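Once you've looked at the hints, dock chain B against the given chain A.
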Amino acid sequence: MALDRYEWLGRLANRIPEDSLVMVTYIGAVSFEWAQLTKEHPRSAHLGQMGDVIGMAVGLALALPQRRVVCLDGDGSVLLELGQLVVLGQQAPANLTVFVVNNGCYESIGWDSGGTRRPTATAHGTADLAALAKAAGVPNVATVETVEDFEREVNVAFTASGCRFVDVRTHPSATRVAPRQIDGIEDKYRFVRYVEQLEGQAILGRAQQDRQLMRRTVS
Amino acid sequence: MLDSAAAEVLLGLKSAGINFVSGLPDGWLRNLHELIEADASSFQYVPVCNEGVGFSVCAGAWLGGCKTALLMEDSGLRVAAEYIARISLGTGVPVVLLMSYRGDLGETEHWAIPHGIVVEPLLQALRIPYQVVRQPVDLRQAVLRAHRLSEAQLHPAAVLISGSCVWED
Numbered sequence: 071m072a073l074d075r076y077e078w079l080g081r082l083a084n085r086i087p088e089d090s091l092v093m094v095t096y097i098g099a100v101s102f103e104w105a106q107l108t109k110e111h112p113r114s115a116h117l118g119q120m121g122d123v124i125g126m127a128v129g130l131a132l133a134l135p136q137r138r139v140v141c142l143d144g145d146g147s148v149l150l151e152l153g154q155l156v157v158l159g160q161q162a163p164a165n166l167t168v169f170v171v172n173n174g175c176y177e178s179i180g181w182d183s184g185g186t187r188r189p190t191a192t193a194h195g196t197a198d199l200a201a202l203a204k205a206a207g208v209p210n211v212a213t214v215e216t217v218e219d220f221e222r223e224v225n226v227a228f229t230a231s232g233c234r235f236v237d238v239r240t241h242p243s244a245t246r247v248a249p250r251q252i253d254g255i256e257d258k259y260r261f262v263r264y265v266e267q268l269e270g271q272a273i274l275g276r277a278q279q280d281r282q283l284m285r286r287t288v289s
Numbered sequence: 035m036l037d038s039a040a041a042e043v044l045l046g047l048k049s050a051g052i053n054f055v056s057g058l059p060d061g062w063l064r065n066l067h068e069l070i071e072a073d074a075s076s077f078q079y080v081p082v083c084n085e086g087v088g089f090s091v092c093a094g095a096w097l098g099g100c101k102t103a104l105l106m107e108d109s110g111l112r113v114a115a116e117y118i119a120r121i122s123l124g125t126g127v128p129v130v131l132l133m134s135y136r137g138d139l140g141e142t143e144h145w146a147i148p149h150g151i152v153v154e155p156l157l158q159a160l161r162i163p164y165q166v167v168r169q170p171v172d173l174r175q176a177v178l179r180a181h182r183l184s185e186a187q188l189h190p191a192a193v194l195i196s197g198s199c200v201w202e203d
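Chains as they are written, first to last, in my numbering: chain A, 71 to 289; chain B, 35 to 203.
Since the hints were made in silico from the structure, they are not lab data. Every value quoted in this text rests on a predicted model; they were computed, and no experiment measured them. The C-beta atom is built at its ideal place from N, Cα and C for all residues, glycine as well. Don't take every hint at face value.
What the hints assert, rightly or not - Pairwise CB distance ranges (calculated):
1) A/267 x B/74: 24 to 30 Å
2) A/248 x B/159: 30 to 36 Å
3) A/226 x B/202: 35 to 41 Å
Isolated chain A (complex conformation):
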């Protein structure tokens, strides 16, 4: 059994708390669909890529422990850098939940022109992501294959405290929306300015602030 990606991303988008932050992969179907489903809300940083999404989410969650952080990653990305699961387990930020779109294939390399989807190591149950996360020390892990199980995990993620890793078994399917026309640099500025506003602190332009401090010190 498995879930439809666009459908479960939509369910998640509808439940995202207003003051939460999201670290999401910035290329491929997950990013495109998440952006559309959330109407490009700036709380989502479409900045992670293959092998670094969970790591960036851990850093974000540690930097802002008072914010609920959601991470959206793909199975190919998790498998590329399993060391991310180790730091997730070691740090276990209580405000972080990772949802993995586990479709068992490299979907975003494109199959519109036909051919056979190339499988990831999670295909046919070879590699078990939730078991890997558990073995790496992540305190709460789950594998979901039904809407009911997914809704339960979303509910826990947004009401309880504790680092969670949720492997969402997902049907392979091409993206249903058009690619985004925003690059990572614009995404970075958009997200950081949103965090600045949310937290009331400067992130950009700090070197200039340092220089002003130096001048005051000298004078």
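Positioned in the frame of chain A, the structure of chain B alone reads:
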């Protein structure tokens, strides 16, 4: 590294306001890791098993408002290069890189020679400005300046810490 050198780095980190440090310890910087970890009121210290993951963690922390540094042996730059390219060349995120310069003049270990051969050309390929520090007294300023440039250009800047900061010749 020399205690005096570690103290200078610590001073540089504090002068820069760096408050989030990740890293993978090596033989030269291990006491620096210990100092940083022990100073929990100044630094959030996140040890990692892989320098690439450490870079990703630092990048995420910067997006959340922290000032960040990554400590590693220069060999770790090869591991981190994939994520530096994806994150910093792709989106513009600053992280200060503090590396032991294994393979620099004075190196005694044969296994460290490849590290010295690769690190500077790799920094240049990644468009990361850097300073090689061979005197402990220069470390504080080098860290501070690397931080300022990194924040100004929204891209990493690096300090390579040579063996003369690790032992008395």
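Hints, verified against the model:
{"no.": "1", "hint": "A/267 x B/74: 24 to 30 Å", "verdict": "holds, 29 Å"}
{"no.": "2", "hint": "A/248 x B/159: 30 to 36 Å", "verdict": "holds, 34 Å"}
{"no.": "3", "hint": "A/226 x B/202: 35 to 41 Å", "verdict": "violated, 57 Å"}
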